[in-house]
Amino acid sequence: MDLIDGSKLAPAGSQTDGGRSASSPDRRWLLHLVWLTAAVILAAALGVRYGTVPISNRILWHIITGQKVEPAMRTILLQMRLPRVLLAIGAGAGLAASGVAWQGVLRNPLADPYLIGVSAGGALGAGMAIAFDLQWPGGVSAVPACAFAGALLAVGVVLALAGTRQMRIERLILAGVAVGAFLSACLAVLLVWKSNRMPAVYFWMMGSLAPPRGWPDLLRAAPYLAVGWGVLLVFAGPMNVLQLGPERAHSLGIDPRRAQLALIAAATLLASTVVATCGMIGFVGLVVPHMARMLVGPDLRRTLPVATLAGALLLILADLIARLAGEIPVGVVTAFLGAPFFLFLVLRERSA
Amino acid sequence: MTSGSSPSAAASLLSARNLAVGRGGRAVVRDIDFDLAPGELVGLIGPNGAGKSTFLATLSGVLEPVQGRVFLLDRELPGYRPRARARILTYLPQNPGEDDAFTVAQLVAIGRTPHVRPFSFGTSRSDERAIAVALERAGASAWADRPLGTLSGGQRQRVRIAMALAQEPMVLLADEPTSALDLSGQLDLMLLLADLAHQGLGVLAVLHDLNLAAQFCTRLVLFSDGRIQGDGPPAAVLSEESIARAYGVAVQIAHHPRSGAPYLLPRIALNRPSRSSRIHLVAGGGSGRRLIPKLADMGYELSVGVLDAMDSDQQLAADCRVPTLTEAPFAPISETSVRLLGDILETVDAVVVAPCPFGPGNLLNLEAIAQTSVPVYLVAPPTIAERDFSGGRATMLYEQLERNGARVLSEDELLARFQAATTRPLRESLPDEGTSASSAPSRSSVEPGHRAAERGAREGP
Chain A
1 MDLIDGSKLA PAGSQTDGGR SASSPDRRWL LHLVWLTAAV ILAAALGVRY GTVPISNRIL
61 WHIITGQKVE PAMRTILLQM RLPRVLLAIG AGAGLAASGV AWQGVLRNPL ADPYLIGVSA
121 GGALGAGMAI AFDLQWPGGV SAVPACAFAG ALLAVGVVLA LAGTRQMRIE RLILAGVAVG
181 AFLSACLAVL LVWKSNRMPA VYFWMMGSLA PPRGWPDLLR AAPYLAVGWG VLLVFAGPMN
241 VLQLGPERAH SLGIDPRRAQ LALIAAATLL ASTVVATCGM IGFVGLVVPH MARMLVGPDL
301 RRTLPVATLA GALLLILADL IARLAGEIPV GVVTAFLGAP FFLFLVLRER SA
Chain B
1 MTSGSSPSAA ASLLSARNLA VGRGGRAVVR DIDFDLAPGE LVGLIGPNGA GKSTFLATLS
61 GVLEPVQGRV FLLDRELPGY RPRARARILT YLPQNPGEDD AFTVAQLVAI GRTPHVRPFS
121 FGTSRSDERA IAVALERAGA SAWADRPLGT LSGGQRQRVR IAMALAQEPM VLLADEPTSA
181 LDLSGQLDLM LLLADLAHQG LGVLAVLHDL NLAAQFCTRL VLFSDGRIQG DGPPAAVLSE
241 ESIARAYGVA VQIAHHPRSG APYLLPRIAL NRPSRSSRIH LVAGGGSGRR LIPKLADMGY
301 ELSVGVLDAM DSDQQLAADC RVPTLTEAPF APISETSVRL LGDILETVDA VVVAPCPFGP
361 GNLLNLEAIA QTSVPVYLVA PPTIAERDFS GGRATMLYEQ LERNGARVLS EDELLARFQA
421 ATTRPLRESL PDEGTSASSA PSRSSVEPGH RAAERGAREG P
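Residue numbers (my numbering), protein chains in the order written: chain A, 1 to 352; chain B, 1 to 461.
No lab work stands behind these hints: they were computed from the structure.
Built from N, CA and C at the ideal position, the CB exists for glycine as well.
Treat each hint with caution, since some may be false.
To be verified - FRET-style restraints, in silico, Cβ to Cβ:
id, chain 1, residue 1, chain 2, residue 2, range
1, B, E136, A, L33, 31 to 37 Å
2, A, F203, B, S126, 53 to 59 Å
3, B, D127, A, F203, 48 to 54 Å
4, A, L33, B, M310, 38 to 44 Å
5, B, R23, A, G156, 43 to 49 Å
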């Protein structure tokens with residue numbers, strides 16, 4: 001039987017072929033990492049270079065080499081564009097990595113970082129801060145903090161409802177949908193009541209990387225993003241096993257509950273941080289993990305870094321487009337790019 | 001260790017003592033005492049919901065026991081660190097649902113998880129070797145580079161086994177490993193499991209196909225009604241009584257002519273209250289390909305047999321949901337089958353004999369019919385002489401049947417008559433053949449006769 005199958009599907013010498021091609025995906029994976037890194041650097045350079053105010057290559061070079069340039073140019077580049085591009089990198093990477101974790105934990109290709117309450121909770125938190133004009137002493141907006149708290153609270157409620165003693169994926173998703181619907185209703189009531197604030201809330205919900213966001217926001221978000229991403233990297237192995245189902249993972253020596261909780265916590269931290277800082281940028285967390293999977297296959301230990309880079313790349317470019325198109329919300333751009341691609345994935349799946 | 005409460009390490013890989021298993025603290029099965037020794041292939045059988053999967057999940061440590069203890073080698077199961085346990089015991093749940101894009105080699109490599117350092121990437125040389133060995137043992141080496149999505153169900157299952165073997169376990173627990181496979185896939189997988197047991201693994205598998213389980217397992221454990229109802233060699237565990245009690249189904253236990261393993265044949269069509277007329281058809285070798293579906297479609301309560309279990313008519317009858325009496329493949333008709341056929345013949349209104357070849361293997365059918373008083377219809381052509389491979393004995397039996405009033409009809413004539421008879425209930429429209437032509441106004445419109453009248457007619461003279 002083996003002989004028949006072997007002769008039909010793998011030509012003679014398939015053993016040696018197997019030995020070679022087993023190592024070639026490794027090389028291909030590293031290759032993907034290399035070109036994606038290069039592309040991110042290039043895109044970042046473009047992101048700093050282009051915008052509503054034209055900056056010539058000469059000025060760019062002068063700034064890099066530390067020569068004297070016009071202070072206004074300097075401010076635009078270092079205080080506005082650079083943090084903005086770095087924020088795009090952080091947010092894109094965070095959303096994509098979070099998406100990989102969700103798809104691994106929930107074993108569902110439709111899972112995305114917003115599925116279990118992050119978006120609805122974040123929106124309600126931000127909506128309340130905007131509607132009531134909440135500020136920290138000293139006039140700093142409380143929107144990010146409220147969005148962050150709202151997102152974490154919503155996920156906490158979902159987890160409590162679904163029960164963490166024995167994680168049941170269906171319950172988690174259903175609880176997420178229910179809590180999301182409830183919080184959205186709350187937000188709707190709030191917006192009807194404070195209808196003059198509706199445009200501001202709506203604009204926030206579409207997501208943006210535009211100023212007034214700057215270095216303070218980036219520096220505030222960075223540690224959370226670093227911790228969340230680090231935890232995902234540490235748990236990449238268990239995450240990869242977990243996609244075979246909790247029972248199989250258990251029999252392979254993984255504590256599925258511990259791994260699930262760690263991954264969910266890290267993915268939630270990443271998504272909540274991005275939502276708090278940039279509002280709701282859709283489709284990155286849903287589509288980029290799929291793209292990464294198409295590039296390097298289903299091994300999540302490889303998908304995670306590739307998706308991280310691809311997410312950063314996508315969001316830098318999307319933000320560049322948003323900027324050049326007259327500051328439309330970047331969430332709109334990602335939706336324009338992501339929705340057709342997602343449709344393409346679905347149709348491809350069906351024809352396969 | 002107190003004697004009796006813990007197993008001796010040498011004899012048993014995995015054991016349960018006074019175990020009660022269930023989900024959410026409610027016991028589904030209790031008082032389980034179970035041992036799995038190296039080299040054993042144990043089949044866990046029982047009706048749906050009997051707690052087989054729950055038991056397996058408890059033995060693997062996925063579920064905690066409701067009561068009692070599980071020992072792996074010389075230690076209690078909860079005393080193991082997960083990775084240490086995973087190097088001794090592996091468990092294949094029912095629907096693992098791997099991504100189709102995984103290549104076989106990638107998936108089997110995941111089986112090394114308990115052996116590689118946690119949080120490490122890649123595979124070492126010894127891992128590579130273990131993966132190659134696992135693929136080889138599971139007979140999956142040829143597909144190593146193929147994505148899972150291109151494999152058949154049986155090949156996939158082999159890959160899962162290879163992945164489990166990459167853990168280098170001593171115990172393999174598998175939940176319904178054959179349930180989604182076709183016949184060749186099932187046999188293939190059972191052979192693989194038997195082979196692994198032969199190599200020294202202790203294998204425990206939940207199986208639903210009792211015949212498959214009886215053929216391959218060294219031991220069967222029967223779960224039902226919250227208890228272990230039987231534990232021992234297949235022949236000891238599978239009895240007509242135990243199956244009736246556990247499954248609520250009447251079966252006939254035969255024995256495979258070559259392996260001697262018990263073989264289950266469901267008793268169907270017996271003792272079933274009937275409103276329509278009953279016909280028994282003797283067929284085989286494709287001779288029933290028109291008769292079976294037509295008669296079944298007409299609404300007759302049809303039974304077919306005794307057939308070889310691999311006969312094409314057997315498959316056809318199964319497709320038409322017509323109960324059959326079957327014999328193990330290529331075996332002569334057994335005493336039990338003859339007895340069952342006799343039971344059926346007592347309750348039918350007519351017997352139809354299709355133009356099938358008769359040889360020593362199925363001659364007993366004719367002999368059984370010759371001993372009854374049921375109206376018999378012999379379908380010809382081809383004539384019996386053309387298909388008598390029993391050295392003339394079949395022809396003699398045909399002649400005897402004809403002398404006793406059996407009618408010889410072509411297939412079309414027979415179908416037309418039985419079709420006509422469906423307009424009225426068979427029993428009421430008795431044509432009373434064989435008594436007198438005058439009492440049956442239309443001899444030409446002969447319909448299957450009424451057995452009581454027939455008897456009276458025969459006993460009369």
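Going down the list of hints, with the structure as the test:
1. In this structure, B:E136 and A:L33 meet the distance hint of 31 to 37 Å, their C-beta atoms being roughly 33 Å apart.
2. For the hinted restraint 53 to 59 Å between A:F203 and B:S126, the CB-CB distance of approximately 58 Å keeps it satisfied.
3. At about 53 Å, the CB distance of B:D127 to A:F203 agrees with the hint of 48 to 54 Å.
4. In this structure the hint that A:L33 and B:M310 lie 38 to 44 Å apart at CB is violated, the actual value being about 57 Å.
5. The given range of 43 to 49 Å is broken by B:R23 and A:G156, whose C-beta atoms sit roughly 26 Å from each other.
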